[in-house]
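Listed below are the residues making up each chain.
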Amino acid sequence: MRSGAYESVRTYRLIVGMWVRSTMAYRTSFVLTALGNLAATGLDFVTILLMFSHITVLGGFTLAQVAFLYGTTSTSFGIADLLLGSMDRLGRRIRDGTLDTLLLRPAPVLAQVAADRFALRRLGRITQGLAVLGWALAHAGIDWTPVRVLLVPLTVLCGAAIFCAVFVAGGAFQFWAGDASEVQNSVTYGGNTMLQYPPAIFARELVRGVTFVVPLAFVNWLPALRVLGEPDPLGLPGWVDFASPAVAALCCALAGLAWRAGLRSYRSTGS
Amino acid sequence: MTVPVSEAATEAVTDTVIELDGVEKVFDVRRKAGPLRRLRTQVRAVDGISFTVPRGEIVGYIGPNGAGKSTTIKMLTGILNPSGGRIRICGLDPTRDRTRLARRIGVVFGQRTTLWWDLPLRDSYELVRRMYRIDDARYAANLAACVELLDLGPLLEVPVRQLSLGQRMRGDIAAALLHDPEVLYLDEPTIGLDVISKTRVRDFLRRVNAERGTTVLLTTHDLTDIEQLCRRVMVIDHGRLMYDGDLGGLHAVGDSERTLVADFARELPPVEIEGARCVKVDGPRQWLAFPAQASAAPLVAAVAAHYPLVDLSVREPAIEDVIARMYGEDADRT
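Those protein sequences? They're chains A and B, same order as listed. Residue 124 in the working numbering sits at position 124 of the first sequence, with consecutive numbering throughout. Residue 249 in the working numbering sits at position 249 of the second sequence, with consecutive numbering throughout.
In short, the hints are calculated from the structure, not lab data. One thing to keep in mind: the hints can contain errors.
[As the list claims (entries may be wrong)] Have a look at the derived ranges for each label pair, beta carbon to beta carbon: (1) B:Val-158 to A:Leu-43: 37 to 43 Å; (2) B:Pro-159 to A:Thr-28: 30 to 36 Å; (3) A:Thr-28 to B:Gly-22: 43 to 49 Å; (4) A:Leu-157 to B:Leu-39: 46 to 52 Å; (5) B:Asp-28 to A:Arg-95: 15 to 21 Å.
[As the list claims (entries may be wrong)] Examples of chain A residues toward chain B, derived with CB under 8 Å: (6) Leu-14; (7) Met-18; (8) Ser-22; (9) Thr-23; (10) Leu-104; (11) Arg-105; (12) Pro-106; (13) Ala-107; (14) Gly-229.
We treat Cβ as the ideally placed atom computed from N, Cα and C, and that holds for glycine.
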């Protein structure tokens, strides 16, 4: 008997592969939508640039340092959005009954929902995030040590994993809450926007919330403080800057449990 | 497309493909009963159903809207878990072995497609092939057969969303059969189809059943489907099995009547005859109802002996009427 993880990845790849092929059948359309995605997400950063045309420091961070925050969270979010961006369609699938058809196939439901309508155009956001991150790394005046070099890619990957967990948990929530895609969006898109700015400009309670409740601070804030050599507004011990992998693993495990519980609930209530 | 040949000994054991024992499904329904108050009521959508279906049978599963037909199908496929009772399909428990069972059953929902809406049929089938791990030779043979019999050739490159209802239904049926399922569930497979499409779908199902020995369970509102396909009918209402038997037996249960239409030489008052009652008079023509099980011969003889009979015909009861009468009795109860 093959393992569930193997089956999930296989199913995901099968469906994604098919969507990519079908997208590529209309190459011009793909290039245009990807460019559109790139431009739309790029406007976010223009906002920050405009802000810094009037100020030189925001919450103790320079433009290049804010760009570092922006680049890490955008790339992380972009990866999660590319992989699992279709999760917010789950609510609609439950309402119109098309989730049932996924349960009829010999494949894990989560992989089928996640891979549905895989949109390669979302590469636009990742490209834009990486470009800003590259610029930030060159201009933020980082005092490079081997630990800091390692911490940058680790931050991006763990951040992506945490966002993925939020996407899955948000999907699971929709099993109970009819259409909760807006709640999910407030955490994912809202969180992404928040993480583009230094933690010091937000109220302490909010920073605590995204540290301990929805652990978005581990996406980039805490490791970024270490990379940039900035003080932590919450005064947490230094090791939490390296806790992102553990937090990411925990989030994914919890999201997986929530998904199972949600699906079980669906199969017993049918709505 | 060959029927797997099993030895006689195993045949006896695996003969029953669908097995339900006291299956129940209870839903909690919450509805508003004021600005804050919510009333919670329990709805017994399926209320203790038991039946078995042997391999190779075509069974019609009929009942009015909301009778519990779709809920039953959802439990048989593993979409919904039963609240009580026991289900075995091909020896598997749909609740626990959903994905293993999925490889052995095919499902067609008339109201919604199981195909990928934005993809051409061919891509959908290819995905089905890989998802179900169908080996190449078998896939090629099954696809070729479906394409030929369901006339899908010109449709293979068309995205599912552009297909007409009848075309989509044929596409869905083909998709459900590519992996050689042992059981095929059809939930209203002919709903909304024109006469030609209906005939084509029925012919195809009959052929699949005959050639592959596929067990078929179908729900429908179209009683012609039942008359043309099913040797056995189950009628469900209010979550309970009201009837389980052959089509003919429905008449006995429903107290149905046949009608003798008699043309007399002249206008007569309503005739009075033992074993029949006059239900309608129109000039010299009269309609005499008599029990469906009774023979028409003695009645005809009696009428001819006492009245100036010119011509006659006997009308069989429509199943619609029989079932309507069963539902009617049931509706009075609620």
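Checked hints:
no. : hint                              : in the structure
1   : B:Val-158 to A:Leu-43: 37 to 43 Å : holds (38 Å)
2   : B:Pro-159 to A:Thr-28: 30 to 36 Å : violated (18 Å)
3   : A:Thr-28 to B:Gly-22: 43 to 49 Å  : violated (60 Å)
4   : A:Leu-157 to B:Leu-39: 46 to 52 Å : holds (50 Å)
5   : B:Asp-28 to A:Arg-95: 15 to 21 Å  : holds (18 Å)
6   : Leu-14                            : holds (5 Å)
7   : Met-18                            : holds (5 Å)
8   : Ser-22                            : holds (6 Å)
9   : Thr-23                            : violated (10 Å)
10  : Leu-104                           : holds (5 Å)
11  : Arg-105                           : holds (6 Å)
12  : Pro-106                           : holds (4 Å)
13  : Ala-107                           : holds (6 Å)
14  : Gly-229                           : violated (49 Å)
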